[in-house]
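Peer 1: The chain contents come next:
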Amino acid sequence: MSAAQHLLAMSGDVAAIFGMSGATAFFRMGGYAAYVWPAYAVFFAVLIADSVAPRLRRRRVLRELRTRLARAQARGQRPSSPTPSLSP
Amino acid sequence: MSSWIPLWLHKLGSPPTFYRFAGAVRPWAMGLALLAGAIGLYGGLVLAPADYQQGDAYRIIFIHVPSAWMSMFVYAVMGVSGFMALVWRMKLAEVVAMESAPIGAAFTLITLVTGSLWGKPMWGTWWTWDARLTSELVLLFLYLGVIGLYHAFEDRRQGARAASFLAIIGVINVPIVHFSVTWWNTLHQGSTVNIFGHSKMAWDMLWPLLVMTLATKAYYVASLCRRARTDLLALEGGKDWVRRIAEDEATR
Numbered sequence: 001m002s003a004a005q006h007l008l009a010m011s012g013d014v015a016a017i018f019g020m021s022g023a024t025a026f027f028r029m030g031g032y033a034a035y036v037w038p039a040y041a042v043f044f045a046v047l048i049a050d051s052v053a054p055r056l057r058r059r060r061v062l063r064e065l066r067t068r069l070a071r072a073q074a075r076g077q078r079p080s081s082p083t084p085s086l087s088p
Numbered sequence: 001m002s003s004w005i006p007l008w009l010h011k012l013g014s015p016p017t018f019y020r021f022a023g024a025v026r027p028w029a030m031g032l033a034l035l036a037g038a039i040g041l042y043g044g045l046v047l048a049p050a051d052y053q054q055g056d057a058y059r060i061i062f063i064h065v066p067s068a069w070m071s072m073f074v075y076a077v078m079g080v081s082g083f084m085a086l087v088w089r090m091k092l093a094e095v096v097a098m099e100s101a102p103i104g105a106a107f108t109l110i111t112l113v114t115g116s117l118w119g120k121p122m123w124g125t126w127w128t129w130d131a132r133l134t135s136e137l138v139l140l141f142l143y144l145g146v147i148g149l150y151h152a153f154e155d156r157r158q159g160a161r162a163a164s165f166l167a168i169i170g171v172i173n174v175p176i177v178h179f180s181v182t183w184w185n186t187l188h189q190g191s192t193v194n195i196f197g198h199s200k201m202a203w204d205m206l207w208p209l210l211v212m213t214l215a216t217k218a219y220y221v222a223s224l225c226r227r228a229r230t231d232l233l234a235l236e237g238g239k240d241w242v243r244r245i246a247e248d249e250a251t252r
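Here the protein sequences line up with chains A and B, keeping their order.
Residue 2 in the working numbering sits at position 2 of the first sequence, and the numbers go up by one each step.
Residue 3 in the working numbering sits at position 3 of the second sequence, and the numbers go up by one each step.
Any given hint might turn out to be false.
What the hints assert, rightly or not - Label pairs and their computed distance ranges (CB to CB):
(1) B:E249 to A:F27: 54 to 60 Å
(2) A:A53 to B:V46: 30 to 36 Å
(3) A:A53 to B:S14: 22 to 28 Å
Quick caveat, the hints were computed from the structure, so don't treat them as lab data.
Built from N, CA and C at the ideal position, the CB exists for glycine as well.
Put together the whole structure using the sequences plus the hints.
Peer 2: Take a look at the structure:
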């Protein structure tokens, strides 16, 4: 049975009893909407946070590395560097 | 190491090779996670019938149980790779152990919150100090302890080894979580799904649960790949291969 057909069939059954459309019945979750939907919201919110965090960290790590490299390069190009040389 | 370990496995342990490998695996794992997640949720929320006792409230099972399994599975992975990190001093094992911890903590948090949201309408309480719930809470604290200990050290590799040690000790809690419903008299229901034997669940409800389990497993692989790649870049900051990646991404 296709998704649309199924929803239609479900809406038929439920509508006959409660007199409402399939989508409304689906979102009502048999009266447990206040528990089912927050549970799913937490599931997705936590996993989205989990996948965004390393993305931001990666950007930060690479940015810091580029800054460090640019600084090292700038120091290398100047012969009269203000940093004291280690070799005697 | 011993010669029975194939060469490709040796090579996989080297950071640049693993970085490329994880980069190739990640999109496939994420794709599988999203596809299985969509199918599983459609099956669970739309196709599966309401429970004769719990009505539609039982539909929380399709995220609660896979997350609970993942909270234990990820801990086991963390324990094994933590052991490898301590015994063989493998950098990659440290990375896998330490980057698994936040993912495991995320799944444990989901398990506790969704369980609470399921407990309220079914048991009449958000929380009770019974064996299953308490041991799962201890699991969350173990994850947080591992993460905290890892970050408490100035030297990251030293921190990883100390945290790996804590992770190994904490492995004792995993069977306690699993068997708590049989060992003690708890409010939490016993296991409905059995790998070896008959599952006490109708197929219409069982298959979405199994597909969701696959989805969470694939998500873990994808998330671990991304986290491990990022961590390798941070750890190997001074190396040429990381420098090339930093320069390549600057031009984009």
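Peer 1: Does each hint fit the structure? Answer for all of them.
Peer 2: Verification of the supplied hints:
1. B:E249 to A:F27: 54 to 60 Å: Given about 43 Å between the Cβ atoms, the range is violated.
2. A:A53 to B:V46: 30 to 36 Å: holds, 31 Å
3. A:A53 to B:S14: 22 to 28 Å: Check passed, 26 Å falls within 22 to 28 Å.
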